[in-house]
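Trainee: Line order of the protein sequences matches chains L and S. Position one of the first sequence corresponds to residue 1 (the working numbering), numbered consecutively onward. Position one of the second sequence corresponds to residue 1 (the working numbering), numbered consecutively onward.
No lab work stands behind these hints, which were simulated from the structure alone. Be a bit skeptical, because a hint or two may be false.
Unchecked claim - Some chain S residues near chain L, calculated using beta-carbon distances under 8 Å:
{"no.": "1", "residue": "L9"}
{"no.": "2", "residue": "G50"}
{"no.": "3", "residue": "N52"}
{"no.": "4", "residue": "S157"}
{"no.": "5", "residue": "T173"}
{"no.": "6", "residue": "I180"}
{"no.": "7", "residue": "V182"}
{"no.": "8", "residue": "V183"}
{"no.": "9", "residue": "H241"}
{"no.": "10", "residue": "Y302"}
{"no.": "11", "residue": "S315"}
{"no.": "12", "residue": "A440"}
{"no.": "13", "residue": "N443"}
{"no.": "14", "residue": "A468"}
All values reported here derive from a predicted model rather than from experimental measurement. Where a beta carbon is used, it is the ideal one built from N, C-alpha and C, also for glycine.
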Amino acid sequence: MNNSVVNTARLAWAALRMLLVLTVVTGVLYPLAVTGIGQLAFHDQANGSMVKVDGQEVGSQLIGQSWNIEGTDKPDPKWFQGRPSHSGYDPLATGSSQLGASDPRLVKAVKEAKEQVAAFNGVPESEVPKDAVTGSASAIDPDISPAYAQIQVKRVAAANGLSTEAVEKLVEDHTQGRTAGFLGESRVNVLELNIALKELAGN
Amino acid sequence: MSPVLADVLQVTALIAALALVHRPFGDYMAAVYASGRHLRVEKWIYRSMGANPDAEMRWPAYLRGVLAFSAVSVLFLYLLQRVQDKLPLSLGFKPISPDQAFNTAVSFVSNTDWQSYSGEVAMSHVTQTAGLAVQNFVSAAVGMAVAVALVRGFARSRTGDLGNFWADLVRGTVRILIPISVVAAVVLIAAGVIQNFGDIHTIITLTGDKQAISPGAVASQEAIKDLGTNGGGFFNANSAHPFENPNGFTNLLEIFLLLVIPFSLPRTFGKMVGNVKQGYAIVAAMGIIWFLAVVAVTWIEYAHPGTASQIAGGSMEGKEQRFGEGPSSLFAVSTTMTSTGSVNSFHDSFQGLSGGVLLLGMMIGEIAPGGVGSGLYGMLIMAVIAVFIAGLMVGRTPEYLGKKIGTREIKLAACYILITPALVLIGTAVAMALPDGKEAMTNIGAHGFSEVLYAYTSASNNNGSAFAGFGANTPFFNTTLGLCMALGRFLPMVFVLALAGSLAEQQPVPATAGTLRTEKPLFTGLLVGAILIITGLTFFPALALGPLAEGLAA
Numbered sequence: 001m002n003n004s005v006v007n008t009a010r011l012a013w014a015a016l017r018m019l020l021v022l023t024v025v026t027g028v029l030y031p032l033a034v035t036g037i038g039q040l041a042f043h044d045q046a047n048g049s050m051v052k053v054d055g056q057e058v059g060s061q062l063i064g065q066s067w068n069i070e071g072t073d074k075p076d077p078k079w080f081q082g083r084p085s086h087s088g089y090d091p092l093a094t095g096s097s098q099l100g101a102s103d104p105r106l107v108k109a110v111k112e113a114k115e116q117v118a119a120f121n122g123v124p125e126s127e128v129p130k131d132a133v134t135g136s137a138s139a140i141d142p143d144i145s146p147a148y149a150q151i152q153v154k155r156v157a158a159a160n161g162l163s164t165e166a167v168e169k170l171v172e173d174h175t176q177g178r179t180a181g182f183l184g185e186s187r188v189n190v191l192e193l194n195i196a197l198k199e200l201a202g203n
Numbered sequence: 001m002s003p004v005l006a007d008v009l010q011v012t013a014l015i016a017a018l019a020l021v022h023r024p025f026g027d028y029m030a031a032v033y034a035s036g037r038h039l040r041v042e043k044w045i046y047r048s049m050g051a052n053p054d055a056e057m058r059w060p061a062y063l064r065g066v067l068a069f070s071a072v073s074v075l076f077l078y079l080l081q082r083v084q085d086k087l088p089l090s091l092g093f094k095p096i097s098p099d100q101a102f103n104t105a106v107s108f109v110s111n112t113d114w115q116s117y118s119g120e121v122a123m124s125h126v127t128q129t130a131g132l133a134v135q136n137f138v139s140a141a142v143g144m145a146v147a148v149a150l151v152r153g154f155a156r157s158r159t160g161d162l163g164n165f166w167a168d169l170v171r172g173t174v175r176i177l178i179p180i181s182v183v184a185a186v187v188l189i190a191a192g193v194i195q196n197f198g199d200i201h202t203i204i205t206l207t208g209d210k211q212a213i214s215p216g217a218v219a220s221q222e223a224i225k226d227l228g229t230n231g232g233g234f235f236n237a238n239s240a241h242p243f244e245n246p247n248g249f250t251n252l253l254e255i256f257l258l259l260v261i262p263f264s265l266p267r268t269f270g271k272m273v274g275n276v277k278q279g280y281a282i283v284a285a286m287g288i289i290w291f292l293a294v295v296a297v298t299w300i301e302y303a304h305p306g307t308a309s310q311i312a313g314g315s316m317e318g319k320e321q322r323f324g325e326g327p328s329s330l331f332a333v334s335t336t337m338t339s340t341g342s343v344n345s346f347h348d349s350f351q352g353l354s355g356g357v358l359l360l361g362m363m364i365g366e367i368a369p370g371g372v373g374s375g376l377y378g379m380l381i382m383a384v385i386a387v388f389i390a391g392l393m394v395g396r397t398p399e400y401l402g403k404k405i406g407t408r409e410i411k412l413a414a415c416y417i418l419i420t421p422a423l424v425l426i427g428t429a430v431a432m433a434l435p436d437g438k439e440a441m442t443n444i445g446a447h448g449f450s451e452v453l454y455a456y457t458s459a460s461n462n463n464g465s466a467f468a469g470f471g472a473n474t475p476f477f478n479t480t481l482g483l484c485m486a487l488g489r490f491l492p493m494v495f496v497l498a499l500a501g502s503l504a505e506q507q508p509v510p511a512t513a514g515t516l517r518t519e520k521p522l523f524t525g526l527l528v529g530a531i532l533i534i535t536g537l538t539f540f541p542a543l544a545l546g547p548l549a550e551g552l553a554a
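Isolated chain S, as found in the complex:
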């Protein structure tokens, strides 16, 4: 079988699997968040924290819950890293330095999972499982909770109530993330991913060399790392490490895991607003952008125009033999288009133009399909903008799902889409203006600039992947990238929840002949166009200096 045919079959199998679970899984998630019942374990959780899961919250209260929980999480994770040497199962690792511990804590709480450390020589068993992996679950559940709150804003009327944050957080974790993770983790172990709490174990090879074999609770972390679109690798090599991703099957399973919630949430949205066709329009827009990027990157990687790749005869630098160019490209696009950031191959060594597509995937705000929850709310904000643009064109007051998009709503949406570009461009500019930027580059010229641009794009959009030649473990980068991750995660949530509150208070307007039909393909096209134009106008100058300059020179 030719590699291209194998890749086509692989993408087809992936799309078929995602399509198969879309309806049942999307409906299940809708039922979870609408359920009036509490499981026994949930009741125990609510009792031990003293919350009433049935108390409705208005948007400021919901936001305070999100922020309080996240702030406490940052502090806890910071402290855990600082004292890891005094806890059991430390593997002899030292405490993490203050700036790096801050960076890592913010990184995992904000669902970014940017890593300026190498897991196999830095993080103890306890830090990995009781610190980092816990945030893999709960940061994902927080993202889903905020998305559900926004959907309730569309679905409800003449109320300010958006649900209960604690209940949404617990349900997302207990009823959605844990069950799937358990099954996925066991399958991963069966396929070769390790799961133990042993010590670093030295063996003598046949040549008489010594080799150290790493231990770890890898499978349990791998499952939620992908399912929760987190992306923080247990090891430095992330999903390229054979203990995290041992073969072609686990590779496809991991790609499926990182796409399954983001691509199913539009169904949940459609179900909750009482019109599943609205969900199809959204998922179509996500799917189109994701698919175009898969085709582009795979094609460029096989064409391998880079000078070194031409001499080598293919684009295999930074890729594993068991994956090859095709499955590596599929993983790369899926991880940058969700907010995952795990990698099975190193993006720094991809062809210049492929790197540009991966960057663009993050720059469109990670909405195709985006991170768990954050992808849906980001896409709904873009839908609001698209509706607004359409309204301007025909001179009508724009409305979406029966809710008027008035001055307040469009201001909030506009603030949302300004945050990450501001963080990315200002962050990159500051780093380039100071000596720190140049010192951190592994590469030179346009590609070196791409490394810095990629770092700020990845952090501000909560992706977490890197052009990993970039030497990010300095106080300057740990601090500025940490701030970008925190602001890039929580400021948008403020505007999303404020928008949800303002939508929920409205009385819906009945649809008339003049209403824009947002469940039709025309709207999907308008949405895709609006996304690409807004992102293109914002980032084209920066892309021209980096990946475009490199790609066209080769």
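Same shape as in the complex, but just chain L:
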């Protein structure tokens, strides 16, 4: 009995020392080495791919934002809008609605979003694409589909006093195809598109 207690304690002590040594290797040296390489070689990416306008950071290229009228939860017609987000694009509350594909609450939300998007952009409901009426997985999806950007062109052009052709060209220039031609989906980065729009409109 006494002997087995001693043996167990000895084994636990050995295991603890092993854990501590491996913690130093994999939990301290490894992340520090990777951070060092990352900060030196890929400084921008390692720090969040931040985007600046007039020297001020206005967001991360990778993190979606809300484009509502300041201080309200109403979408601002002068900006391209992103996908619905149940957290209002708060990066400290990522995640999705978690509603099942036939859940009555999701059915209701999709129907309402479809009506709202169609009315807001002055297009028939049949032209509203799927990404415009569904919440993303992260709630901070930075992208929309090219189709969703296209149905917003007329409304955005009118609100900014720009020609439809000019805004259409802007969307075209900011449409990214699949990575390497076949990886992922084609998309439009909303923040980058809106920054270009701001420059074009000169406001």
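We have chain L already, so just place chain S on it with the hints.
Mentor: Relative to the frame of chain L, chain S by itself:
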């Protein structure tokens, strides 16, 4: 290019990459575990813990090493979370509550990585890198060590020795997991994944809003999270978060990382037992099941029969625009069929029948290809069962790789395959019988039941993904799911190591004309059939109440 063609190219590229590395990487791993040499850093590690890496262990000693190391790991990780506010780089986060800290500690040590917390608002820099990420490495290395011990049981004869646990643990970490992780992490940073130890950083957007940008050593954790089939996301949104998985390229890289070790280990097995064809039969069975599931889920997602998806015009709820339906389906199947559980899209919002396929992927015991190590030993146990069934059919004493599958061996294998179904079904039944189960559901009806079933399936099989609407952060679920994770990880290891010990002691019987040729396609077919029949019989009633009922109603 049509989305379907892009998906076909994507799966083809993935399979080609896995096939390309299968042989060299499998052989490399075999050499690592057979090597008689110790690297300098390994010698330093052995010296500082006082172990002799060349001392052979019999199965009880090997098991004691596994259990002692894991128990110490749980305690250490628990304490780290409880005192994280007093350590540097805390980001102002409070200590984790006792039940949640227990759940998280067991979760990461058991390679499950079930998460009842949101990383971006709960875990400090130190907890993430020196606690959670460390377990990402070592829990994976423990799984590989146990698998290698079982393979040695087949390969060796008339000895009880299965190798040295400490040496296997250290080698797996130092020679396999770390080098690949460093390379993968740097590639991920180049592609946009963050890697810093900064503070939460607030910016003013063009609309005048404030937005908080999260910091973190994400790339270093992302690499091992996938490579070690762990799956614990740095952020709540896991690999759907753009800082963890910024584009289509990183998405495919992450899928590759989570499949590469499980799909290469059969080569290691073949090499170690001296017949690589045996490994091909095993990897073929894994590949067939994985591929069928990829096709099924992708097809169902594009068909989007769910009511809400029909109105929306596609199954994009809970999916990111940069991934779309196809790459999200590929990720979902690969993460549930390994024991990873990281997600790039939320399974709760997948179509009802897709959810059923994902559940089934976990229920078959995560062996196609399964977690690092655990996939191989789980598949070898199923091979033992398949050989036994074949033996019954022809009335011969079954044997596998020259080792007789006698009473003791089949008892151990049978115990192994009973553990997780018992945990899943009893756990789900208890949760449903108590008020806790219903209160935790986000969804109603059949889909709500699927959430509970998914939680216990995921925990007991050490997957860690969730139908995440399920409100799991209650003392009841933190505790019961924590127990399922611990029992679902370590009880099977007891039977695997006992089986390894009993096989290693045998004198191999020479193959005769009547021996079942386990390297032939016929055996692969028998194996796949045995897996599907055993899982189907066990779980069909539960699946009928959840995803099948939902899928057929839509």
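Trainee: Could you run down the list of hints and mark each one as holding or not?
Mentor: Taking the hints in turn, this is what the structure says about them:
The closest approach between the C-beta of L9 of chain S and any C-beta of chain L is roughly 4 Å, which is under the 8 Å cut-off, so the hint is satisfied. With a cut of 8 Å, the hint placing G50 of chain S at the interface with chain L holds, because the nearest CB-to-CB distance is about 6 Å. For N52 of chain S, the interface hint is violated, since its Cβ never comes within 8 Å of a Cβ in chain L; the closest pair sits about 11 Å apart. Given the 8 Å rule on beta carbons, the hint for S157 of chain S is violated: about 29 Å separates it from the nearest Cβ of chain L.
Look at T173 of chain S: its Cβ gets to within about 6 Å of chain L, closer than 8 Å, so that hint holds up. For I180 of chain S, the interface hint is violated, since its Cβ never comes within 8 Å of a Cβ in chain L; the closest pair sits about 12 Å apart. Interface restraint check for V182 of chain S: the shortest CB-CB distance to chain L comes to about 6 Å, inside 8 Å, so the restraint holds. The beta carbon of V183 of chain S is not positioned within 8 Å of any beta carbon in chain L (closest approach about 10 Å), and the interface hint is therefore violated.
Interface restraint check: H241 of chain S against chain L, minimum CB-CB distance 5 Å, threshold 8 Å, status holds. The beta carbon of Y302 of chain S is not positioned within 8 Å of any beta carbon in chain L (closest approach about 12 Å), and the interface hint is therefore violated. A hinted interface residue such as S315 of chain S counts as satisfied when its beta carbon comes closer than 8 Å to some beta carbon of chain L; here the least separation is about 6 Å, so the hint holds. For the restraint placing A440 of chain S at the interface with chain L, the shortest Cβ-Cβ distance is roughly 12 Å, beyond the 8 Å limit, so the hint is violated.
Taking 8 Å as the C-beta cut-off, the interface hint given for N443 of chain S holds, the closest approach to chain L being about 5 Å. With 8 Å as the threshold, the beta carbon of A468 of chain S comes within range of chain L, its nearest partner Cβ sitting at about 5 Å, so the hint holds.
This entry does not satisfy hints 3, 4, 6, 8, 10, 12, going by the numbered hints stated previously.
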